[in-house]
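K.L.:
Just so you know, the sequence shown maps onto residues 24 to 216 in the numbering used here.
BS3-like cross-link-like pairs, simulated, lysine-lysine; straight-line CA separation at most 30 Å: (1) 33 / 77; (2) 82 / 201; (3) 82 / 128; (4) 82 / 47; (5) 192 / 47; (6) 192 / 121.
Honestly, the hints are just simulated from the structure, not real lab data.
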Amino acid sequence: MAVSLQKGQKVDLTKTNPGLTQIKVGLGWDTNKYDGGGEFDLDVSVFLLNDQGKVEDDKHFVFFNNPSSPDGSVVHSGDNRTGDGDGDDEVIEIDLSKVSANIQKVAFTITIYDAATRNQNFGQVSNAYARVLSAGTGEELIRYDLGEDFSVETAVVVGELYRHGSEWKFSAIGSGYKDGLAGLARDFGVNIG
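All chains, full assembly: derive it from the sequences and hints.
P.N.:
Spelled out as C-alpha coordinates, the structure:
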(Lines of atoms letter the chains of each structure in order from A and count residues from 1; the text may use other names and numbers.)
(Lines give C-alpha, C1' and ligand atoms only; values in the text may rest on other atoms or scores of the structure.)
Protein backbone atom coordinates (compact mmCIF):
# COMPACT_ATOMS: atom_id res chain seq x y z
CA MET A 1 0.00 0.00 0.00
CA ALA A 2 1.52 3.29 -1.13
CA VAL A 3 1.97 6.20 1.25
CA SER A 4 0.03 9.17 -0.14
CA LEU A 5 1.68 12.53 0.60
CA GLN A 6 0.44 16.09 0.76
CA LYS A 7 2.59 19.12 -0.11
CA GLY A 8 5.32 19.58 2.51
CA GLN A 9 5.16 16.06 3.91
CA LYS A 10 8.20 13.80 4.20
CA VAL A 11 8.42 10.05 4.49
CA ASP A 12 11.14 7.45 5.02
CA LEU A 13 11.90 5.43 1.92
CA THR A 14 14.72 3.03 2.74
CA LYS A 15 14.13 2.73 6.48
CA THR A 16 10.60 1.40 5.93
CA ASN A 17 11.75 -0.71 2.96
CA PRO A 18 14.99 -2.39 4.15
CA GLY A 19 17.34 -3.44 1.36
CA LEU A 20 15.65 -1.20 -1.23
CA THR A 21 18.22 0.23 -3.64
CA GLN A 22 16.59 0.09 -7.09
CA ILE A 23 13.68 2.48 -7.53
CA LYS A 24 11.77 4.19 -10.29
CA VAL A 25 10.21 7.61 -10.02
CA GLY A 26 7.28 7.95 -12.38
CA LEU A 27 5.83 11.34 -13.18
CA GLY A 28 2.60 11.93 -15.03
CA TRP A 29 0.17 14.67 -16.04
CA ASP A 30 -2.72 15.60 -18.27
CA THR A 31 -3.28 18.84 -20.14
CA ASN A 32 -6.65 20.54 -19.95
CA LYS A 33 -8.75 20.73 -23.09
CA TYR A 34 -8.78 24.56 -23.12
CA ASP A 35 -5.03 24.82 -23.79
CA GLY A 36 -5.45 26.84 -26.99
CA GLY A 37 -4.84 23.93 -29.33
CA GLY A 38 -1.03 24.15 -29.30
CA GLU A 39 1.14 21.14 -28.54
CA PHE A 40 1.91 20.74 -24.87
CA ASP A 41 5.33 19.22 -24.15
CA LEU A 42 6.19 18.73 -20.48
CA ASP A 43 9.66 17.55 -19.53
CA VAL A 44 11.02 15.87 -16.42
CA SER A 45 14.45 16.99 -15.28
CA VAL A 46 16.49 15.78 -12.32
CA PHE A 47 19.08 17.77 -10.40
CA LEU A 48 21.66 15.90 -8.27
CA LEU A 49 22.56 18.37 -5.53
CA ASN A 50 25.37 18.69 -3.01
CA ASP A 51 24.96 19.90 0.57
CA GLN A 52 24.83 23.50 -0.74
CA GLY A 53 21.77 22.68 -2.86
CA LYS A 54 23.75 23.05 -6.10
CA VAL A 55 24.89 20.68 -8.84
CA GLU A 56 28.62 19.81 -8.79
CA ASP A 57 28.69 20.45 -12.54
CA ASP A 58 26.25 20.54 -15.46
CA LYS A 59 26.49 16.75 -15.90
CA HIS A 60 24.51 16.41 -12.66
CA PHE A 61 21.50 17.87 -14.49
CA VAL A 62 19.73 14.82 -15.96
CA PHE A 63 17.12 15.31 -18.70
CA PHE A 64 16.27 13.99 -22.18
CA ASN A 65 19.50 15.39 -23.72
CA ASN A 66 21.69 14.17 -20.82
CA PRO A 67 19.91 10.94 -19.84
CA SER A 68 22.36 9.66 -17.21
CA SER A 69 24.22 11.06 -14.21
CA PRO A 70 28.06 10.78 -14.26
CA ASP A 71 27.99 7.87 -11.78
CA GLY A 72 25.18 6.09 -13.66
CA SER A 73 22.92 6.15 -10.59
CA VAL A 74 20.16 8.23 -12.22
CA VAL A 75 18.83 7.41 -15.71
CA HIS A 76 16.08 9.26 -17.60
CA SER A 77 13.74 7.03 -19.64
CA GLY A 78 13.34 9.50 -22.49
CA ASP A 79 11.16 12.38 -23.60
CA ASN A 80 7.39 11.98 -23.88
CA ARG A 81 6.31 14.92 -26.03
CA THR A 82 2.54 14.63 -25.68
CA GLY A 83 1.60 13.27 -22.24
CA ASP A 84 -1.13 11.25 -23.96
CA GLY A 85 -2.53 8.13 -22.32
CA ASP A 86 -2.75 6.91 -18.78
CA GLY A 87 0.11 6.08 -16.43
CA ASP A 88 3.57 7.55 -16.08
CA ASP A 89 4.58 9.98 -18.82
CA GLU A 90 8.30 9.94 -17.97
CA VAL A 91 10.26 7.65 -15.65
CA ILE A 92 13.55 8.10 -13.81
CA GLU A 93 15.44 4.97 -12.74
CA ILE A 94 17.63 5.32 -9.67
CA ASP A 95 20.13 3.01 -8.01
CA LEU A 96 20.45 4.50 -4.54
CA SER A 97 23.54 2.41 -3.81
CA LYS A 98 25.41 4.12 -6.68
CA VAL A 99 24.56 7.74 -5.85
CA SER A 100 27.86 9.52 -5.14
CA ALA A 101 28.46 10.28 -1.47
CA ASN A 102 28.65 14.02 -2.15
CA ILE A 103 25.08 14.05 -3.53
CA GLN A 104 22.67 14.91 -0.71
CA LYS A 105 19.46 15.51 -2.69
CA VAL A 106 17.92 14.36 -5.94
CA ALA A 107 15.31 16.93 -7.04
CA PHE A 108 12.57 16.03 -9.55
CA THR A 109 11.11 18.81 -11.68
CA ILE A 110 8.58 19.20 -14.48
CA THR A 111 8.88 22.07 -16.94
CA ILE A 112 6.79 23.16 -19.93
CA TYR A 113 8.90 23.24 -23.08
CA ASP A 114 8.74 26.59 -24.91
CA ALA A 115 6.08 27.81 -22.46
CA ALA A 116 6.50 31.55 -23.16
CA THR A 117 6.22 31.19 -26.94
CA ARG A 118 3.24 28.87 -26.66
CA ASN A 119 1.63 30.93 -23.87
CA GLN A 120 1.31 27.85 -21.65
CA ASN A 121 1.54 27.38 -17.89
CA PHE A 122 0.72 24.87 -15.15
CA GLY A 123 -2.75 26.37 -14.77
CA GLN A 124 -3.47 24.35 -17.94
CA VAL A 125 -2.10 21.10 -16.47
CA SER A 126 -4.12 18.72 -14.33
CA ASN A 127 -3.67 15.39 -12.55
CA ALA A 128 0.11 15.89 -12.16
CA TYR A 129 1.75 13.41 -9.82
CA ALA A 130 4.99 11.75 -8.81
CA ARG A 131 5.27 8.22 -7.50
CA VAL A 132 8.15 6.12 -6.22
CA LEU A 133 8.14 2.42 -7.11
CA SER A 134 10.30 -0.54 -6.24
CA ALA A 135 12.11 -1.35 -9.49
CA GLY A 136 12.20 -5.03 -8.55
CA THR A 137 8.52 -5.57 -7.75
CA GLY A 138 6.83 -2.61 -9.43
CA GLU A 139 5.06 -1.89 -6.12
CA GLU A 140 4.09 1.75 -5.65
CA LEU A 141 5.68 2.91 -2.38
CA ILE A 142 4.99 6.66 -2.35
CA ARG A 143 2.55 8.84 -4.28
CA TYR A 144 2.23 12.60 -4.37
CA ASP A 145 -0.62 14.21 -6.32
CA LEU A 146 0.20 17.86 -6.93
CA GLY A 147 -3.37 19.14 -7.07
CA GLU A 148 -4.41 22.28 -8.92
CA ASP A 149 -2.44 24.90 -6.97
CA PHE A 150 -0.74 26.47 -9.97
CA SER A 151 -1.63 29.25 -12.41
CA VAL A 152 1.20 31.18 -14.12
CA GLU A 153 4.04 28.78 -13.24
CA THR A 154 6.00 27.14 -16.07
CA ALA A 155 8.11 24.82 -13.90
CA VAL A 156 7.48 22.85 -10.72
CA VAL A 157 9.85 21.19 -8.26
CA VAL A 158 7.70 18.14 -7.61
CA GLY A 159 9.70 16.40 -4.89
CA GLU A 160 13.11 15.27 -3.79
CA LEU A 161 14.89 12.28 -2.43
CA TYR A 162 17.34 13.25 0.27
CA ARG A 163 19.83 11.59 2.55
CA HIS A 164 19.08 11.38 6.26
CA GLY A 165 22.08 9.69 7.85
CA SER A 166 22.45 6.39 6.03
CA GLU A 167 18.80 6.36 4.89
CA TRP A 168 16.88 8.02 2.04
CA LYS A 169 13.66 9.98 2.52
CA PHE A 170 11.21 11.54 0.05
CA SER A 171 9.82 15.05 0.43
CA ALA A 172 6.74 16.34 -1.43
CA ILE A 173 7.76 19.86 -2.50
CA GLY A 174 5.21 21.18 -5.03
CA SER A 175 6.99 24.53 -5.51
CA GLY A 176 6.27 26.46 -8.71
CA TYR A 177 8.52 28.74 -10.78
CA LYS A 178 7.31 31.47 -13.15
CA ASP A 179 10.54 31.51 -15.14
CA GLY A 180 10.63 27.86 -16.16
CA LEU A 181 13.73 25.80 -16.65
CA ALA A 182 15.96 28.89 -16.63
CA GLY A 183 14.83 29.69 -13.08
CA LEU A 184 15.39 26.14 -11.88
CA ALA A 185 18.80 25.96 -13.54
CA ARG A 186 19.86 29.27 -11.98
CA ASP A 187 18.75 28.22 -8.49
CA PHE A 188 20.42 24.80 -8.77
CA GLY A 189 23.68 26.13 -10.28
CA VAL A 190 23.36 24.77 -13.83
CA ASN A 191 24.83 26.81 -16.68
CA ILE A 192 22.32 26.61 -19.53
CA GLY A 193 23.94 29.61 -21.29
